[in-house]
Amino acid sequence: MSGIKRVTFFYVLFYLKGFAKGDTEVCILKESCILPCSFKQGDKVLVHWNQIKGNTLVHSYFYDRDQLERQDESFKGRTSLFQDQISKGNVSLRLTGVKLEDQGRYKCYTSTTNGNKESFVDLNLEAPPSKVGIQQVGNRITCSSEEIYPQPELTWSSSPPTNLNNEAIVQETEQFGLLYSISSSLIVQVGVIDLDYSCTISAGRNKRRATLFKPGTCFKENFWSLHGVLQAALNSSYEEFTLTSTKSLQINFVIVCNSCVLSFSFHQYFRH
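Going left to right, the sequence shown walks through residues -22 to -1, 1 to 250 as mature numbering (1 follows the signal peptide of the UniProt record, and there is no 0) numbers them.
Accuracy of the hints is not assured; some may be wrong.
As the list claims (entries may be wrong) - List time: in silico DSS-like cross-link candidates among lysine-lysine, alpha-carbon distance up to 30 Å:
#1 Lys22 x Lys8
#2 Lys77 x Lys95
#3 Lys22 x Lys95
#4 Lys18 x Lys54
#5 Lys95 x Lys54
#6 Lys85 x Lys31
#7 Lys192 x Lys109
#8 Lys109 x Lys18
#9 Lys8 x Lys185
#10 Lys8 x Lys31
#11 Lys77 x Lys54
#12 Lys54 x Lys8
#13 Lys95 x Lys66
#14 Lys31 x Lys95
#15 Lys185 x Lys109
#16 Lys22 x Lys66
#17 Lys18 x Lys66
#18 Lys85 x Lys54
#19 Lys8 x Lys77
#20 Lys85 x Lys109
#21 Lys31 x Lys54
#22 Lys95 x Lys18
#23 Lys185 x Lys77
#24 Lys18 x Lys85
#25 Lys66 x Lys109
#26 Lys31 x Lys18
#27 Lys109 x Lys22
#28 Lys8 x Lys85
#29 Lys31 x Lys77
#30 Lys85 x Lys95
#31 Lys54 x Lys66
Said to hold, decoys possible - Here are the in silico distance ranges between beta carbons for each label pair:
#32 Asn141 x Ile30: 47 to 53 Å
#33 Val148 x Lys77: 32 to 38 Å
#34 Asp1 x Gly75: 20 to 26 Å
#35 Ile12 x Gln45: 17 to 23 Å
#36 Gln129 x Gly55: 27 to 33 Å
No lab work stands behind these hints, which were simulated from the structure alone. Just so it is clear, the structure is predicted and the values come from calculations on it, not from any experiment. Cβ atoms here follow ideal geometry from the backbone N, Cα and C, with glycine treated the same way.
Work the whole structure out from these sequences, hints included.
Written out as structure tokens, the structure reads:
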């Protein structure tokens, strides 16, 4: 009986060690990302960054310099440490041009005269919807976007609010590798022209919205500066394309209606 207990206890310890808790970093496809790692300061610093999948060597540092002779080809030219921070106990990894294959768990191993340490980081990937297209042909309004990750969701809304469940909605989602494209069509009643229609595409922490305005809402007799447009947006008088995340906020003003497209930059506007 005691033998069974010892075996069970050993198995639990092995299981917990194999699934050590780590930090999670969300990185954007094709952009730069920092994977954190710190250690207790000491002499003779040695650092190995490995991707757990395939036990791939990502970056090494010892003898007071980077050692990249055995670095995996897929990471060449894309990794670096913050050299001025190493003596302070910071060996966070900067990874540029993040790829789909970079997703997964990483191990940071450090060794100094004061001892060794292992820490883990999970790299999760997102590819936000960078552009949302919306157009109307006849009584069909179509909204679409592509190269998105994770799997996106698309929702319709209107201003003034109305129950769009009564309209026929056709939606398609396709996957190309790990990336998704999404398209949805809303069938509106013929002759209904007093509504602004918006579609919102959400993926992970990010969302972006495009609005098709009813005729006559794009132009006014007086032209507005960006300040005026911002104020209108804050008052919910106008909708705009937006891209948001937990770390940043970006707003691109692209107003689409049946007769015009307006884009704004600083205090200037351009009519197309």
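| message | So if I understand the rule, the pair passes when the alpha-carbon distance is 30 Å or less; does Lys8 with Lys85 pass? | response | holds, 22 Å
| field | Given pair status - Lys95, Lys77, alpha carbons within 30 Å | value | Given that 30 Å is the threshold and the Cα spacing comes to 28 Å, the pair holds.
| said: Checking one constraint from the list: CA of Lys18 to CA of Lys85, max 30 Å. Satisfied? | reply: Since the Cα atoms of Lys18 and Lys85 sit roughly 17 Å apart, the hinted pair holds (cutoff 30 Å).
| query | Given the hinted pair Lys8 and Lys77, is their alpha-carbon gap at most 30 Å? | reply | holds, 6 Å
| Lying within 17 to 23 Å: is that true of the beta-carbon distance Ile12 to Gln45? | At roughly 20 Å between Cβ atoms, Gln45 and Ile12 fall inside 17 to 23 Å, so the hint holds.
| query | Taking the beta carbons of Val148 and Lys77, is their distance inside 32 to 38 Å? | reply | Taking Cβ atoms as reference, Val148 and Lys77 lie about 33 Å apart, which means the hint holds.
| field | Pair hint outcome, Lys85 versus Lys31 [Cα-Cα no greater than 30 Å] | value | holds, 10 Å
| query | Would the pair Lys8 and Lys185 pass a check requiring their Cα atoms to be no farther apart than 30 Å? | reply | Holds: Lys8 and Lys185 sit about 18 Å apart, inside 30 Å.
| Does the alpha-carbon distance linking Lys85 and Lys54 stay inside the 30 Å limit? | Holds - the C-alpha atoms of Lys54 and Lys85 are around 18 Å apart, at most 30 Å.
| Is the Cα-Cα distance between Lys109 and Lys22 30 Å or less? | At roughly 49 Å apart (the allowed maximum being 30 Å), Lys22 and Lys109 break the hint.
| field | Proposed proximity, Lys109 with Lys66 (alpha carbon, max 30 Å) | value | violated, 42 Å
| field | Restraint status (C-alpha distance of Lys85 to Lys95 at most 30 Å) | value | Between Lys85 and Lys95 the Cα gap is close to 10 Å, so the pair holds against 30 Å.
Of the numbered hints given earlier, the model fails hints 1, 8, 20, 25 and 27; all others are met.
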